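The numbering of the sequence shown is our numbering, which starts it at 187 and goes up by one.
In case anyone wonders, no lab produced these hints; they're calculated from the structure.
It should be emphasised that the depicted structure is a prediction, and the values quoted were computed from it without experimental measurement.
Warning: the hint list may mix true and false statements.
[As the list claims (entries may be wrong)] With a straight-line Cα cutoff of 25 Å, these simulated DSS-like cross-link-like pairs (lysine-lysine) come out:
no.: 1; residue 1: K238; residue 2: K204
no.: 2; residue 1: K204; residue 2: K242
no.: 3; residue 1: K220; residue 2: K255
no.: 4; residue 1: K238; residue 2: K220
no.: 5; residue 1: K238; residue 2: K255
no.: 6; residue 1: K242; residue 2: K220
no.: 7; residue 1: K255; residue 2: K204
[Stated by the list, open to error] Just the calculated beta-carbon pair ranges, DEER-fashion:
no.: 8; residue 1: D218; residue 2: H259; range: 10 to 20 Å
no.: 9; residue 1: V215; residue 2: C260; range: 16 to 26 Å
no.: 10; residue 1: R258; residue 2: D237; range: 26 to 36 Å
no.: 11; residue 1: G208; residue 2: G241; range: 17 to 27 Å
no.: 12; residue 1: K255; residue 2: V233; range: 19 to 29 Å
no.: 13; residue 1: M239; residue 2: A202; range: 28 to 38 Å
Using N, Cα and C, we set each Cβ at its ideal position, and we do this for glycine too.
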Amino acid sequence: MVDDGPPPAHHSHPSAGKVFIGGLASETVESDLKDYFGAYGELTDVVVMRDKMSGKGRGFGFVTFADPKGRRHCPPRHQ
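Using the sequences and the accompanying hints, generate a full structural model.
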């Protein structure tokens, strides 16, 4: 068996560009997040978490940037 060692440093974890988005209205849909966060970089995945019974948004979701550096361009957290 050949051990090629650790992967090269330029290979990042698949979820390295994943960003948690909280405080969403229950009416928020994936296209809302895609339209907003797509301005900060190419997105590979957009998910709004939904209640299994009602189908309404649970108030949070995730966007994943193709380039993990896209996270840096996101607006800061609201307080």
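**Hints breached by this structure** = Violated hint: only 5; rest satisfied.
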